[in-house]
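Using the sequences and the hints, build the whole thing.
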Amino acid sequence: MALWIAISGAVALVAVLIAFVVPQSASTGHYSVTDNTVSINAGSIGPLGTVLVTDQGYALYTFLPDAQQGVTCYDRCAQHWPPVFLAEGVSLVAGPGVNSSLLGEVTDRNGKRVATYNGWPLYLFEGDVSPGPARGHGQYLDGGYWYVIRPSGDVIVPSPQQ
Numbered sequence: 038m039a040l041w042i043a044i045s046g047a048v049a050l051v052a053v054l055i056a057f058v059v060p061q062s063a064s065t066g067h068y069s070v071t072d073n074t075v076s077i078n079a080g081s082i083g084p085l086g087t088v089l090v091t092d093q094g095y096a097l098y099t100f101l102p103d104a105q106q107g108v109t110c111y112d113r114c115a116q117h118w119p120p121v122f123l124a125e126g127v128s129l130v131a132g133p134g135v136n137s138s139l140l141g142e143v144t145d146r147n148g149k150r151v152a153t154y155n156g157w158p159l160y161l162f163e164g165d166v167s168p169g170p171a172r173g174h175g176q177y178l179d180g181g182y183w184y185v186i187r188p189s190g191d192v193i194v195p196s197p198q199q
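Letter by letter, the sequence shown follows residues 38 to 199 in the working numbering.
FYI, nobody ran anything at the bench for these hints, they're computed from the structure. It should be emphasised that the depicted structure is a prediction, and the values quoted were computed from it without experimental measurement. Positions of the beta carbon are idealized from the N, C-alpha and C atoms, including for glycine. A few of these clues could be false.
Once the Cα atoms are required to be at most 20 Å apart in a straight line, the calculated DMTMM-like pairs of lysine to aspartate or glutamate come out as [said to hold, decoys possible]: (1) K149 x D165; (2) K149 x D112; (3) K149 x D103.
Using C-beta positions, here's what the derived DEER-type ranges look like [stated by the list, open to error]: (4) T144 x G83: 32 to 38 Å; (5) R113 x T87: 28 to 34 Å; (6) S81 x T144: 27 to 33 Å.
Rendered as structure tokens:
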């Protein structure tokens with residue numbers, strides 16, 4: 038009996054240690070929160086070249102009506118284009134190829150913190166059902182155009198057709 042209690046106690050102690058020592062990770066849709074950070078990465082997406090992506094390889098978008106000033110996509114719009122939210126205590130980190138000085142955050146009208154890059158709030162697109170393609174790029178939906186952004190901070194806006 039004493040041996041059983043000792044083994045049970047040791048197993049409980051190991052479980053507690055694992056819970057506090059092993060890095061904590063959670064998935065939030067198409068990006069992860071690991072050790073209280075969200076990583077913004079650079080990745081190659083077909084003909085668009087190198088653009089900002091999540092740690093899971095999903096394209097990150099800008100919304101032109103935001104005009105680098107704040108979040109203007111709410112309600113139905115945010116259902117289709119969910120912002121990259123930062124929960125309390127979560128910070129942004131720059132992955133390889135990303136300029137950490139361009140990372141930031143803005144508070145939306147509901148008091149939620151949203152990740153930004155070069156002042157642009159960052160969004161995902163519900164139509165991107167797998168990492169890689171940027172199906173929302175160049176779309177006019179929910180009141181404005183949506184484009185991906187380069188690690189330089191430049192939004193990829195197509196040139197007008199001649």
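Legend entry - Given hint D103 paired with K149 - CA-CA distance at most 20 Å: Distance ~16 Å between K149 and D103 Cα, so the pair holds.
Legend entry - C-beta pair R113, T87: status relative to the range 28 to 34 Å that was hinted: holds (31 Å)
Legend entry - Straight-line alpha-carbon gap K149 to D112, limit 20 Å: holds (13 Å)
Inset, instruction - Just tell me: holds or violated, for the beta carbon distance of T144 and G83 against 32 to 38 Å? - result: Distance hint for T144, G83 holds at roughly 34 Å.
Inset, instruction - Decide if the proposed pair is consistent with the structure: K149 and D165, CA atoms, cutoff 20 Å inclusive. - result: The hint is violated at about 23 Å.
Legend entry - Hint check for T144 and S81 - Cβ pair distance inside 27 to 33 Å: holds (32 Å)
Of the numbered hints listed earlier, the single one contradicted by the structure is hint 1.
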